[in-house]
Every structure is written in structure tokens, then in C-alpha cells.
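Now for the letters of each chain:
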Amino acid sequence: MSADNKPASSRAGMKKQLPEKFINYKHVWVFVELERGEVHPVSWELLGEGRKLADKLGVQLAGVVMGPPAATTRAAVEGSYRYGADTVYLMEDPLLTDYRNEPFTKAMTDLVNTYQPEILLLGATTLGRDLAGSVATTLATGLTADCTELAIDDEGSLAATRPTFGGSLLCTIHTLNFRPQMATIRPRVMAMPEAKDGEVSGGLIEVPLNMKEDDVITKILDFIADNTTNKAQLAYADVVVAGGMGLGKPENFKLVKDLAEVLGAEYGGSRPLVQKGWIDSDRQIGQTGKTIRPKLYIAAGISGAIQHRVGVEGADLILAINTDPNAPIMDFAHLAIIGDAMTILPALTEAFRKRLSVNRMAG
Amino acid sequence: MHIVVCIKQVPDSAQIRVHPVTNTIMRQGVPTIINPYDLFSLEEALRLRDAFGGKVTVLTMGPPMAEDSLRKALGIGADDAVLLTDRFFAGSDTLATSFALATAIQKIMETEPVDMVFAGKQTIDGDTAQVGPGICCRLGMQQLTYVQKVESVDPAKREIVVHRRSEGGVQVLKTSLPCMITMLEGTNQIRYGTMDDMFRAARADVRVWSAAAAGIEDMTRCGLRGSPTVVKKVFAPKARAQKARPVDGEGAEALAAAAIEAIFASQPKLESDLLKQSAGY
Ligand SMILES: Cc1cc2nc3c(=O)[nH]c(=O)nc-3n(C[C@H](O)[C@H](O)[C@H](O)COP(=O)(O)OP(=O)(O)OC[C@H]3O[C@@H](n4cnc5c(N)ncnc54)[C@H](O)[C@@H]3O)c2cc1C
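Those sequence lines, one after another, are chains V and L.
Position 104, counted from 1, in the first sequence is what this note's numbering calls 104; the numbers after and before it change by one each time, with no gaps.
Position 43, counted from 1, in the second sequence is what this note's numbering calls 43; the numbers after and before it change by one each time, with no gaps.
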């Protein structure tokens, strides 16, 4: 047996020795992801989390807004205050209308080099991941991807926890001697904070981009918007029903869809189902799929591996349907039906159908 | 057209086990595969080579046994292979990995110019999606991640048009070569190599480079020492104080009924929400 975490753990005892040039790096920043006029909700979730980190450190929380000169950009600034930012760094420029790596990387690295934050959080979206990689490389600092938990340790460093390879372990990663400490977090991993009502305000630092369209090599020819009507809204659904390998064969997945339909729920599945082609990849739930935070999550024939668990732990109520009373999912589900999914699912579908229609007539 | 494809040898995740006592990963005897996401990039690179001529060089960083994955790639149709292996690379995080790979690509460029670099969207073991962008940034290339489709390439004008997945849709982007591309999964199907490819792969010379041979002078930028991130601890997740409560009942109907009672008892508002919804509000 080889201990794969050995080389790393030989540095686990390393203490923070922050080089002189980073001593003045302060405050927590959240990148506010504005695309096509809309802020991705993950940005508000991260402001909620960033607020806690900033309070623990006794520093300020800032939102970083980049966009075209437009009302929607100003709305993103206001939204940042509403979700907890003390200050907003704003770069307004026509070059920042649609996301392109080059101008956004320049914008972010310029801001970091000038205003020197100690922590920078981004959503682990296609945009956030594209940007985070080049920003961290340009700044030559550490980046922890897809974190599921953030905390501040006794030395005042960011402790970023993420699942590690192997199916049942988590690891906590620090960026000891480099700044900023960067992390990406997937949508729905952190709870949506309460928005402040009424008038909100805060500091505003406007910074010019200093770039011309001719300097940007990549051009946007077109944008083909998704047909949102039939797109899976899994991440933000109130009720989710999912199936796993315990369903045995692809035809049985219909039982999951039937229950989802009665509940007006979204459906999804574990990763092996995607790999086998039973469901589309945007229906995968878990670390490498969607993170969900529904009020009710029903998981049928899913064992509850760590990569699945981290994607569903934010659910208010988890019902597991499994033949094995000792399956790992029992460690984090709230309710369980110990039984065969192929008979339980249709029974649940029928019972919910009756309950919801009977009551409707009565009401 | 010369295309470099970065691949990684990873343990076959389906066969990974964790030691029940020590909580460490048991990799011994686990078969290795080419990171599945890399295959979509490899296939796209092979298609471009077939369409425009030129060659595909596969590059990996890893232990000496990672040569296997390069031979597999040669067997699928790649033309040339470079293995970057050195004990100085052990413990590299994404920053140190992209540094080593980018330096090796620069070394390759000294003798043969490179028009495109492909990398996997992410790996199944590290899963960070950061190495491709890291390499790209160091090489000063145009970055095209999450590509669904390579629409057209104009080698004379050195231009490429791709469809890139973004949050709410697809961006159609035009950029100049050289560029770095990561392909989205499911966008193509990896080919089977021909008999010729297989024979060639078995006999081919894989170039094996140490850090020094790849042109790396500053070893402090490699491996653990070149990695700003430090793994402080590895641990198993805590079970919740209470395990899942099994509902009582004989037979599917009784179990279903009991489960529904328990659900609505703990989430009273859920029932009224569902009712409103099913009544079509
Ligand atoms: C890097 C990495 C990333 C990953 N990302 C994800 C991810 O995002 N999402 C994800 O889901 N997985 C992910 N995985 C895979 C994960 O480790 C597990 O392999 C996977 O979640 C298992 O899927 P499963 O629970 O459907 O299947 P299994 O583990 O095979 O479980 C099947 C379950 O069904 C039960 N069962 C059997 N028959 C019945 C029956 N008739 N009725 C009811 N129950 C029955 C069994 O008791 C068992 O608990 C990832 C793995 C790696 C290495």
C-alpha cells in the first residue's frame, strides 16, 4: 500500500512565513460574475461566505464588478452592497461586455496588484474557472478549485477544503506564503445570504481598464443562447429526485422521472449513469456535476460516495431509498426507506399523486 | 500544422479503494488509464491533423510508468511523444504542473513551431480544470476552454473559429493561432487506432526528458517547492450525529405512505408549496 498523501503531508507542518511583499495584502474579495446583463447567483452566495471570512479576520469585504458601461453593471454594484459587500471595485469598459479571457485577466490582475487583497473567491462556473486559472498563473499564487468549505485558521490563513481523489476523503489546502489566496466554489455549495432591504450603499472604487479593442485578439462572432425552457434547472430546484446504479438498468430510470413529474421536481443521477449514457451530463449531481440545495432530495439506488455527498449535503431533507441499510448515504440522509427502488418508487409516485390531488380538491 | 496534446495518466477511478484503517488511497494494482477528458482533446487534434496535415505530439508529466499512456496515445494515432519525468516534479500542484508542461512545450517549439496546444478540460483525479489555462497563460497563447466544436481553421490566415460553452449559451469565438483548447466531454468519439498505429506505437521512441532536459533551470519552481498550495490535512467526512431514520411499514405502499408522512411532518411548508404548484399557481 502506498500512502499517496505522504509527500504533501511532509509539508503539512509548514508554518506561515509571509514574505515582506505580501504583508500589506488585506481584505476579502469576491468576483461578481456579470454575464449578458445578469449576475450569476453564485456571486451572491460567495459574498455571503466572504462576509463570514472578512468578519473573522476583521477586514472588509469587497465585490469586484466588471462590465460594460450600462445600467446592468450599476445594478451589479448595488447588488453587491445588498449581499454584504462594504466596497465595490468597478471596471466599466465596452471591452468587458462579453466574457473574454484576455481583458478579464488583465482587469483582475491589475486590480489585485494595485489594491492587494488577501483572499479572492470566484464561482467555479465555466467563466470563473477560465478566469481563475490564468489569474492565478499570472500572479503566481495558489488556487484551490471547487472548495466545499472555507474557514480561517489560527494563523489567519484561508483553510480551503475540497474532496480528494479516492471516493471518501476530504483535504484541507492552504496557500501559506503567497497572496492572494484564491479559491473557486461551485454554485449552490454556499447558502444564499439574505439580501438587505431598502437603500444600500458602500465604497466605490472605479478603475479604468486601459485596453483597446485592437489589443484583444479573440473576437466574439455570435452568442447562441440556450433554449432555457427545456434546460435542466437542477441546481436551483426545490425538489430533486435522482437515481443511481441501484436502478439496475436504463429502462428503470423512468421510475425516477415519473416521481419527479408528480412532484414538479427536477431529476438527476449519479455519475455512473452519465458515463453509461442513461442520462445527459447536465443531469449529473455531485462534485463533478451539479451541486443542489433543494428542500427535498430523494435518492434512489445511490450509495452516497463522497463526490455525490458534497453535491447534495445542502438539501434540507434527504430521503434515501436503498436495499442496503448500511450504505454510506445513511450517514447523511435524514430519512430512509430500506427497500427495492423498483417497487418503492412507483408506490411513492402513486401516494404523492393521491395526496396532492385529494388535498387540492378539498382545498 | 503541429499540435501538442497534454495528457495525464490517472488511476482507473472505478477501481480505487481507500484503506479502511489508515484512510489512505490504495493505488497498488489499480490499472491506469488516460484521463478520459483528455481523449476528447486528443481526438479533435487528430481530426485537425487529418484535415490539414502536420503532426500530433503527445506530452505528459508523470512517473516513468506514465510512458504507457503515451504509447496508448501513439496507438490511437499520435505521431510523436514526450515524457517529462523527474523526481523534482513530485508533489506538483497546478501552478508547478503548468510551469513544467509549458517549459517543455517551449523546448519542443525550439525545433518545431507549435500551432495549437490541447489539454483535457479537467482530470478525474485532481479535477481542478486549471492546468490547461495555466499552460496557456505561460505560453501567451489565446485561451479557448470548454470548446464544443471547432467550426473552422484557416491555416493560411492563422485563424480559428470555435463554439465555446458558457453559462447561458454558446459563444462563437474567432481567434489567432497559436491557441490552447480544452474540449468539452461528449463532443466527439475517440477513434480506434489502425494496425499500423499499434505496431508503430510499440516500436516508437518516446522522448524521455528530465527537468533539465526540458530546459528547466530553476528547480525551486517544480514539484512541492514550486507549489504555493500545501495540503494541511486529509480526513474522512464526519457522519451526522444521527443516521438516517428508516421509516416503518410492511410492503411498498405502507413504506411510501410512512415516508410521505415523515417528509411533510418535518417540512410542513413543502406540502403547501407542492399543492400550490400542482394546482397550477
Ligand atoms: C474524481 C471523481 C469525481 C466524481 N464525481 C462524482 C459526481 O459528481 N457525482 C457522483 O454521483 N459520483 C461521482 N463520482 C463517482 C463516485 O465515487 C461513485 O462511484 C458514484 O457516485 C456511485 O454511484 P452510485 O451510487 O449510483 O452507484 P453504487 O455506488 O454502485 O451504488 C448503488 C447503490 O444502490 C443500492 N441498490 C442496489 N440495488 C438496489 C435496489 N434494487 N433498490 C435500491 N437500492 C439498490 C446499493 O445498495 C448501492 O448503495 C466521482 C468519482 C471520482 C473519482
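Wrong hints could be hidden among the right ones.
[What the hints assert, rightly or not] Simulated coverage check for chain L against chain V, where a stretch passes if three residues somewhere in it have a Cβ under 8 Å from a Cβ of chain V:
hint : region
1    : 171-183
2    : 224-235
3    : 247-258
[Said to hold, decoys possible] Over 10 Å on every C-beta distance to chain V, these chain L residues come out as not near it, computed from the model:
hint : residue
4    : 156
5    : 243
6    : 270
Worth flagging that the hints you see were computed from the coordinates, not collected in a lab.
No residue lacks a Cβ here, since even glycine has one placed at the ideal position from N, Cα and C.
Results of checking the hints against the structure:
no.	hint	in the structure
1	171-183	holds (count 6)
2	224-235	holds (count 10)
3	247-258	holds (count 6)
4	156	holds, 17 Å
5	243	violated, 5 Å
6	270	violated, 5 Å
In terms of the numbered hints stated before, the structure departs from hints 5 and 6, listed from lowest to highest.
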